[in-house]
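Residue-level listing of the chains:
There are 2 protein chains.
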Amino acid sequence: YKIEQELKNSILINAALSLIGYFITVKLIPVASRYVLRANLFGRDINKRGTPQGEVKVPESLGVVVGTVFLVLAVAFQYFFTVDSNWVVEYNAALASICFMLFLGFLDDVLDLPWRVKLILPSFAALVLLMAYAGHTTIVIPKPFIPYIGLEVMHLGWIYKLYMFLLAVFCTNSINIHAGINGLEVGQTVVISAAIVIHNIMQIGASTDFDYKQAHVFSIYLVQPLLATSLGLLAYNWYPSSVFVGDTYTYFAGMTMAVAGILGHFSETLLIFFLPQVVNFLLSLPQLAGYIPCPRHRLPRYDPVTDKLTGTKDGTLVNFFLRVFGSMSEKSLCIYLLVLQALACCFCFFLRYILAGWYK
Amino acid sequence: YKIEQELKNSILINAALSLIGYFITVKLIPVASRYVLRANLFGRDINKRGTPQGEVKVPESLGVVVGTVFLVLAVAFQYFFTVDSNWVVEYNAALASICFMLFLGFLDDVLDLPWRVKLILPSFAALVLLMAYAGHTTIVIPKPFIPYIGLEVMHLGWIYKLYMFLLAVFCTNSINIHAGINGLEVGQTVVISAAIVIHNIMQIGASTDFDYKQAHVFSIYLVQPLLATSLGLLAYNWYPSSVFVGDTYTYFAGMTMAVAGILGHFSETLLIFFLPQVVNFLLSLPQLAGYIPCPRHRLPRYDPVTDKLTGTKDGTLVNFFLRVFGSMSEKSLCIYLLVLQALACCFCFFLRYILAGWYK
Ligand SMILES: [Mg+2]
Ligand SMILES: [Mg+2]
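Residue numbers (our numbering), protein chains in the order written: chain X, 689 to 1048; chain B, 689 to 1048.
In case anyone wonders, no lab produced these hints; they're calculated from the structure. Hints may contain errors.
One copy or two, either will do: identical chains are not told apart, so a pair holds if it fits within one copy or between any two.
Claimed, not checked - Computed list of lysine to any residue pairs in SDA-like fashion (alpha-carbon distance at most 25 Å, straight line): (1) Lys996 / Phe898; (2) Lys715 / Asp800; (3) Lys1019 / Pro740; (4) Lys696 / Lys996; (5) Lys1019 / Leu854; (6) Lys715 / Glu694.
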């Protein structure tokens, strides 16, 4: 019971630090915006082309602020670390891979790497996690399949590690390619990370296994500061965006959530939270694989007269959504897509509720 | 004896990986140079102003190549890791702090942060190391002082950690401010890291204490790839420089050596290797502290007619050296300063030889 109290306290300390992180992010973004503009890191809002807003130089790559504040908080938090010292290894590995991803994302924003190189950047950062991973490599066989397989727990060894690696690469890229609308990159991260925190808290409450609790506490330590600092960024990135987030942010956020899911051992749940990203990835596959030519941007078409976006033939969820539900304004589109994301998260909670007991 | 053999093997594997890293660095720098130029990351060589060479756009911040190759190698090497698993914590903490420093260095190069902010950047990265540090916090009292203090070993606790922190901040900044001459930043790193590797090998050979050996092996794991990748960079950065290294490189290299010295427990030795940097720091102090106005660059004066550099009144070792030994060409100056660095390293080895047995 004393340990329980300690876990609770450290979650609260983490929450307090995250709150501080939110305010620092909000304070720093305007300052950093001046610096990135001076360094010629800006973009023009393509979805406003033809209006005066489309001519403004919007500061780019403000993900560097979120990433830096996140890392400083995550490091400072180690001072209050009360979980088992075994977790320190994983915590440092997590920070190393998140930091490497942040660096590579910023490198990509500054140097504008060719997109086939972009796709492999997350594998370098995922490698950090893979190499340091010392946790179990077993999966619990779902109950209905136990009679057929004859095992309750299956040791996967390197196959599990490969799965981990691919998951991290997938999450990171999938956040990065579900983008292009004001507020969407940060919005989806906020929705998913809120879902992760809720899931973690529910699991901690429901479980009696200390190791299992610790894994979810660990995830909270990473995702809570991500949520808070992302909210700070969203205040500026929401429609009409006064800053852009850059690959710096999408890579950083994707990797942080992937690391939390892997080290917190809830990767199947994470994948269901990522349903819209999975669909977007599947829709993108023909263009990414090169079967269909892939333009530089795969954005909807903007009409400056009606101020609405119309879906194009490019294979993205954004375009698909517009083709199905008709043209709409950028702001509405972003809200609908975020509602869709929230629905995927609710679906996941519902699925876990239905399958609980029967499945695992 | 079997363990000895394993340590030896893993040092050789590390050496092989480092060699590969050298070739990758040499291959990648010309490619990366095109990208950084396109991203408007370039500098003009101030020490060649007034000649045609002074008009060339020299690609800047090529430290990103060295840093990225270093990190990928360091991570891949974990696959062959044979030292005690306790070291994995420190290894990951080392990678996290080096990576954070690399990111902040590149951020500084791109955004051109004010120099007072520059000076505090390394403290963020040093914090990573400080927080994860779980090793001992004791010092061995030098033999002549034992009767006065009455202790053979002194527990310092947080004072030791503060010392660690300040050392990391000092090393990183001191490499960064002993600069401004073609080849000097990389050259000093090559000389110091070669000295560190020699010191580590000598200590491994001379000791019978396994923990002590492991600490030095650990340092080799970090410094050997640094040495190899830096040599790759030096091929391009040597006079006349076809690339500049940026704060990205100086911060990264300084932090890597500091981390090796701290986690390898030879920080006093490291400080003597850093003697020229210490002198440069002391000479710079009046300007850094603001007693004397500090210009943007504190370089010597170049005369395009004689092709020689003359020392100015700015407080740097470069200027002091020129004032004492007279004007000379940039290339000679760099060679002399590197010889001075090598002499400091030899002095350190000599000092250790003299004091061995008597002092500790
Ligand atoms: Mg992107
Ligand atoms: Mg510099």
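Verification of the supplied hints:
no., hint, result
1, Lys996 / Phe898, "neither (52 Å within a copy, 70 Å between copies)"
2, Lys715 / Asp800, "between (28 Å within a copy, 19 Å between copies)"
3, Lys1019 / Pro740, "within (17 Å within a copy, 53 Å between copies)"
4, Lys696 / Lys996, "neither (47 Å within a copy, 66 Å between copies)"
5, Lys1019 / Leu854, "neither (33 Å within a copy, 49 Å between copies)"
6, Lys715 / Glu694, "neither (32 Å within a copy, 52 Å between copies)"
Comparing the model with each numbered hint stated earlier shows that hints 1, 4, 5 and 6 do not hold.
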